[in-house]
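Enquirer: Spelled out, the chains give:
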Amino acid sequence: MEIMIQRTCFLLFLLVLSMQVVVAQKAHTGKVTDQDKEILIGATVGVKGTDRYTITDIKGNYSLDLSLGDTIICSYIGYHTREIVFRQASNLNIILESSVAELESAIVIGYGSQIREEVTGSISEIKMDKITEAQVSDSFESLLQGKVAGMNIQLNSGEPGSKPTIIIRGLAAVSRGDASAVSEPLYVVDGVPIISRTADEFSITSTNVLADLNPSDIEDVVVLKDASAAAIYGSRAANGVILITTKKGRRGKPQISFNARLGVNYVPQLQDVAGGAKEREQVARLYASYAPYGVSMPAMYTDINNPFYNNSSDWQGYLYNTSITQDFNGSIRGAGDFGQYSISMGHMDNKGILFNTGFKRYSTMASTSFNALKNSLVIDNTLAVSRTDQTRNPDGLSANYSTLFPLPNNDIVKGSEVYGIGKNSNVNDRIRFSSNATLNLFQNLTYKTSLSLEYTRSMKDTYSASRRTLRAYNSSGASESRNLLFQNTLNYAPKFSEGHSLNFLLGQSAEKIETKITQVNSVAASPSLSETVNWPSGNAIGSSNYTASSILSYFSRVDYSFQQKYMIGGSLRADGSSKFGQANRWGIFPSISAGWNFGKESLFKNLDWFESGKVRASYGISGTTWNNDYLALGIMDGGALDSYNSLLEISYGGISGYSPSWYDGFKNENLTWVKSQMSNIGMDVSLFGNKLEFIVDAYEKVTKGLLLTTSLPTTSGYNEVYRNAANVLNRGLEFTVNTNINSGREFNWNTGLNFALNRNRVIALPDGNADIIKTSTSGQDFGSIVRTGTPLNGFFFYQSQGIYQTESQIPVNPKTGARLLGLQNKKLAVGDRNFRDQNGDYIIDVKDRIYAGDPNPKWTGGWTNDLRYKNFGLNIVSTFVVGRKIVNTALLERLQFGKDFAGARSMPNLDNYSIWEKSGDQAKYPSLNPWNDASQIVSYDSEYVEDGSYFKVKAATLSYNLNNTILDRLGIGRARIYCTFDNIITFQKYSGPDAELVTIDGFDDSKGYPMRRMMLFGISLGL
Amino acid sequence: MRNKIFVSCLTTLLLISQGCKDWLNQLPINTITEDQAWVTGSDAEGAVAKSFSIFRRALSGLTKSDTPSTTRNGSWGDYYFWGDARSGDWITPNNDGDWQAGFNNNLIARTQLEPMTNWRLFYRAIEQCNLVLENVPTISEGLTAERKAELLAEAHFMRAMSHFYAARIWGDVPINLSARNVTPLGREPIKKVMEMVVSEADIAIAGLPWLYPGTRKKATSRGTRGAALALKAHALMWLKDYQAASEALNQIIEEGTYKLVPIEGFREMFDTGESDELIFQMFYDAKVGEFSDYYGHIMTYYLTNPYTSRGNLSLAVPKSKILEIYPDYAANQSDRRVAEFFQSIDFSVGENEIRPVFADPLANGERLIMFAKFRKAKDRSYNLMDGPVPIFRYADIVLLKAEADARLGKVNEALTLLNMVRSRAGIPSFTKSDQALLIEEILEERRRELIGEFQRVYDLVRLGRLHEFNPSITEQAEKNGAGFFPVSDEAFANNPNMHQTYYWQFNQ
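These protein sequences, in sequence, are chains A and B. Counting in my numbering, the final residue of the first sequence is number 1023, and the numbers go up one at a time with none missing. Counting in my numbering, the final residue of the second sequence is number 508, and the numbers go up one at a time with none missing.
Any given hint might turn out to be false.
Claimed, not checked - Derived DEER-like restraints, expressed as beta-carbon distance ranges:
#	chain 1	residue 1	chain 2	residue 2	range
1	B	149	A	654	19 to 25 Å
2	B	288	A	270	56 to 62 Å
3	B	109	A	846	15 to 21 Å
Said to hold, decoys possible - Restricting the straight-line Cα-Cα distance to at most 20 Å, the calculated cross-link-like pairs of lysine to aspartate or glutamate (DMTMM-like) are:
#	chain 1	residue 1	chain 2	residue 2
4	A	667	B	328
5	A	565	A	693
6	A	247	A	219
7	A	667	B	35
8	B	373	B	328
9	B	373	B	268
10	A	847	B	489
11	A	885	A	946
12	B	376	B	276
13	B	64	A	608
14	B	287	A	642
15	A	423	A	389
16	B	64	A	693
17	B	64	A	921
18	A	600	A	498
19	B	287	A	649
20	A	423	A	349
21	A	667	B	134
22	B	191	B	134
23	B	373	B	346
24	B	64	A	720
25	B	218	A	649
As the list claims (entries may be wrong) - Output of the computed footprint for chain B on chain A, the stretches with three or more beta carbons under 8 Å from beta carbons of chain B:
#	stretch
26	156-168
27	652-662
28	713-724
No lab work stands behind these hints: they were computed from the structure. It should be emphasised that the depicted structure is a prediction, and the values quoted were computed from it without experimental measurement. Where is the CB? At the ideal position from N, CA and C, for every residue including glycine.
All chains should be modelled from the sequences, with the hints used to inform the complete structure.
Expert: Put into structure tokens, the structure is as follows:
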């Protein structure tokens, strides 16, 4: 219970102040401990009916003037308050009983807080203290991995500062084009929704926007999963809401804390590469087997005198190196009658394992509260400033060079650069300021007004030069967002006798978000070594863009509970958005919920093993919108200067005018909110004195009206129009089991296991439910399909049936005698991939592709174990994903050899893969013939679809709390040292490196950055 | 104190609720919305000018910025490929495979030619006119009733013009006469399209002036009564209503706004567009920044050094064909148009020097004569083009009326008109009054006068005679629609009513 000891006290001031001094007294001393004989520092000990009180010191001792018959009242947060009547021989050592339930009794919900027992929605809370003291991460999101049932967090890249994907209760986003449509939750920090991402056309850096929140500043995170909890956030809550509460000062002496940690990042297992002689041998074999007459190998593979011939460069070893992560946080916090203060600072420097990558964060946050008008007016101010820096190479992150090429430190090529010359600087800044005043108007009636301003700026300056063309490319850009939010709420919570309790909330909020981007690029004729853009005349292009949206909302919520046994609640929110036409501007988002604490019924009263039990049910509607702020208004296009500075697109005969912007359709008053209807039933049961806790939820979420384009007939002039056209269904079950086992006084074991099942299905698409084969704007096929009745973004692949071993296996059309024609009209041969001709037309083409797998995980979850023995602690966090398919695109791309493959890039060791070479080979992969008419390593081959399930032991922390005796000598309140192993082991069937590092559509992006392993040493001190 | 706070809170709330009225009206600052687009007279002026600008883009051809289904980075001056390439008169001296496929009427298989089968930009020009006709009538601010009538008449003209131009290329085309028309329209018979063009042109004729104030070039780049009459007459020729066509053409001739300029005036006509002979042209002028880049203007492909940086010829008329088309020049070098339209460049001079032009236009060999009717490049180094693209000019009108009159049996009128054009060119008058020979000679004169002006193929397709001049097209094929361009795949998307031209259903 040492965590409890860290907690300082809340004083029962009203009680104490109203007391009067009665008799003369004498000083007596005593000690306050908990039932485990742990001393309690900072517990309040006072005399009932007087203003005499004191606080226990760091040994748990107190000294108080007492007279006979005084009632000593002792209280400490997280423990039951105890009253003892002072008699002559009384033992003044007070033992307090823990009341975990009381400690966690209040939970933050939208625009307020609620008593945990009365909660009827599906809400999960994570206390960040324990996590941030053991793990280090760029962003708080990745620390939440595996902590909440139904919240699936996937890290898609190992690069420091990259953005994880968070999906709460299943994916509910559709796109025709790029694969990145994610149903993002809403993030709210201390009651203020924050900017969590920037629309693609306005984002300029790729850094995770939320990585600037220092996880150490966060007290707790509450995830609102169902509609009854989230609907109060109305128009943006359809994908769940994440409420973040930052740390505040507590009463007692100032809490000064300092954390320092140092992590060593180790390079994990990298791609297998055929080095030196092996590469030469493989190249020679491929040439010998397949090269057409007269084609011979490049000299470096044949000529022993060639300086490259004997090289065996380990490019990955050269470019990937052990690196260091440092993280420092310091804070001072405190509280008193005046209010509270909290100031914190943090700096993180996370060097990447790949050459020239990394992430830096500088953050500071100050929060103060002032009490005025006899505590009936509270004024809070928060200022948070942060900067993140993800500076990297201008080129890609590839380490895929032929092993025959000498490393840059080789004498032959000394001085040349590893990557292209240049720099790519990515800096994000954020300033948040919010100010609010809470006024207690009358009894039980509180009015709160708050104004907050948020400003983010991302800056990207790149410079890259080519030694070959002697051309330099400069670009410089800044994207800025401003968010202004004004909120007013009125809260009425009358108290009744007979156990009735009512809470009524009425509120209004107005929000405006503006974003502006300015970018300039240039191509200079020669390298100018300048990171800013110089304007050569003629071919420099600059652009800027602006977008703004506003929301006006009115909301209310009523919660009623009877004896905390029967609860019913409802909320209603109306949102008006500038994104819609006048007619469809307002959306109504209602929700209702009910709960029954059946554990309080007399039936269960006498069961010793039964602690509490509750059933919950809720239904509600919440919404989302989209990025394009002006879509419904009909944006006109005035034309733009073309790349030769001609006005041809702008004016005719010197007169310029507007036309519709043909791509976004015309004024579209019918566009409206994407609405998600969610029903949820759940049960919470706690047994054996809270030693065992079960939470079960079942939900159904129908997301209706997802925005999709429909192409219009060319005769209309327009290319496409947006419609609220797609519907997606997510159904799921969530289970959480928490145990808390105390064996004796010194051993304690907590486990938390959560797992969630989600099934995802598309239920409607535009154009008569026509399949959507995802394609980029440049016509590139992504291999994913959105089809009614199936999960989102399935693989749309050719069905492999092995490899043709003999000519006779190649089907022949009985009508024409013609052989089956392969992809790209290839004449099929032995050793080629045998794809199934689905439609029987004896031609393998797009029509033969099938739905070949579902990349959406069925089961996700996490398992946390926390063991404590005396001063030692061991904490193990694991996460898992079961039942999804992923594609080993990385391998596929490495096996794809073109006719100039030799020396183009590194080769995998082909001995490790079963590759067809001659008839009879029972191989998985077809012939690699680089001179084939059409490569047989086909991008959308079902053979590369693999099981993407994994179980990952993410982190294990061993910690030790220093003894009080030592600390006393040093004058330190508490100290903890620990060692964490991060990314320990992954159990997977997947043949690639890491089943987690795939895109949301399930493709292992070969340009991926592997996840480092880390050993972290840390110390945290509290003064 | 508490009351003070309460009162000030209430006041704030009241003030805020007033401010909230406009809170939800967020408008873009870098462009405008549809509601803001139709307010003042200058909005109307701009919108109508935009329809001409879209039509100018449509003629030069669509690119991948117009539709992702095409891969072409820049347009090629597609008006040439639609109106001239397949006439049988052209060759590609540098053996460009795409050009050759176009000459051979292989229009489907080559992806580079695919954008030429897409009519999207014509329907954008049509939609822009539909929007003007829907919205401009409600505008009164800064717009006189007279000017409004003119602008609306111009929109009718441009809408008819776009339909007409598309019908000449694709034959049967959909008719779209209403704004935001997202219904899948099928193709209407070309007869119905041309009838619509005639009736729309009639509306335009009633509201349009003969000329606008300002330079001749600016005036003839916009919809005028002369342009609308020319459009109407051309459509009537397709409808074979020669009487009505002759009457419409007569109105242009009677008015006297236009004239055949002397041959010395050709350079002004084809270089700057400031000419009394032009009736309707696409506006290009580097002086006001409206020039086309490397792509987008057909001049790029037949001009070389000394006019542009190109070293070789990509499109040309072979020497033997020139002599065949201009028999008078072959006989005694009397046809003055040959020296105006063709040049021989001294290719022996290095590519980096300015190559001299020989005095004899046909000094070079069979495949090395440059077609130089249009030769005003803005800038040698970047191949920026600055010449006008004529749509209708007076010589075209004179010869068209000659054809109509000849078909009506009015031989004398026809001969007079034909000889006006012949005498300007310096060739002897035509005197044979046999109707069939006369019609043939008028067609040949149109070929001579309008070569490379995007008219020849339309003349031949209108008369069903493309197969006589293009050996890749048979008579039966032309009957099946081979003279028209195929309809692009994109037109079939979300449109069950669309169908392919009969010939192109079976031929690549």
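Enquirer: Determine for every hint whether it applies to the structure shown.
Expert: Going down the list of hints, with the structure as the test:
1. 149/B with 654/A: 19 to 25 Å: Distance hint for residue 149/B, residue 654/A holds at roughly 22 Å.
2. 288/B with 270/A: 56 to 62 Å: Between residue 288/B and residue 270/A, where Cβ atoms are some 60 Å apart, the hint holds.
3. 109/B with 846/A: 15 to 21 Å: About 18 Å separates the Cβ atoms of residue 109/B and residue 846/A, which means 15 to 21 Å holds.
4. 667/A with 328/B: violated, 60 Å
5. 565/A with 693/A: holds, 19 Å
6. 247/A with 219/A: holds, 5 Å
7. 667/A with 35/B: The hint holds at about 8 Å.
8. 373/B with 328/B: Holds, because 19 Å separates the two Cα atoms, which is no more than 20 Å.
9. 373/B with 268/B: holds, 11 Å
10. 847/A with 489/B: holds, 17 Å
11. 885/A with 946/A: Holds, at roughly 6 Å.
12. 376/B with 276/B: holds, 19 Å
13. 64/B with 608/A: Roughly 75 Å separates the two Cα atoms, so the pair is violated.
14. 287/B with 642/A: Measuring from Cα to Cα gives roughly 16 Å; hence the hint holds.
15. 423/A with 389/A: holds, 13 Å
16. 64/B with 693/A: violated, 60 Å
17. 64/B with 921/A: It is violated: about 46 Å lies between the C-alpha atoms, which goes past 20 Å.
18. 600/A with 498/A: holds, 15 Å
19. 287/B with 649/A: holds, 15 Å
20. 423/A with 349/A: holds, 19 Å
21. 667/A with 134/B: OK: residue 667/A and residue 134/B at ~14 Å, within 20 Å.
22. 191/B with 134/B: violated, 26 Å
23. 373/B with 346/B: holds, 18 Å
24. 64/B with 720/A: holds, 15 Å
25. 218/B with 649/A: Given pair residue 218/B, residue 649/A holds - Cα atoms ~17 Å apart, limit 20 Å.
26. 156-168: With 0 residues closer than 8 Å to chain B, the stretch 156-168 of chain A misses the three-residue bar; violated.
27. 652-662: This one holds; 11 residues, not fewer than the three required, reach chain B with a Cβ under 8 Å.
28. 713-724: holds (count 8)
Hints 4, 13, 16, 17, 22, 26 from the earlier list are contradicted by this structure; the remaining hints agree with it.
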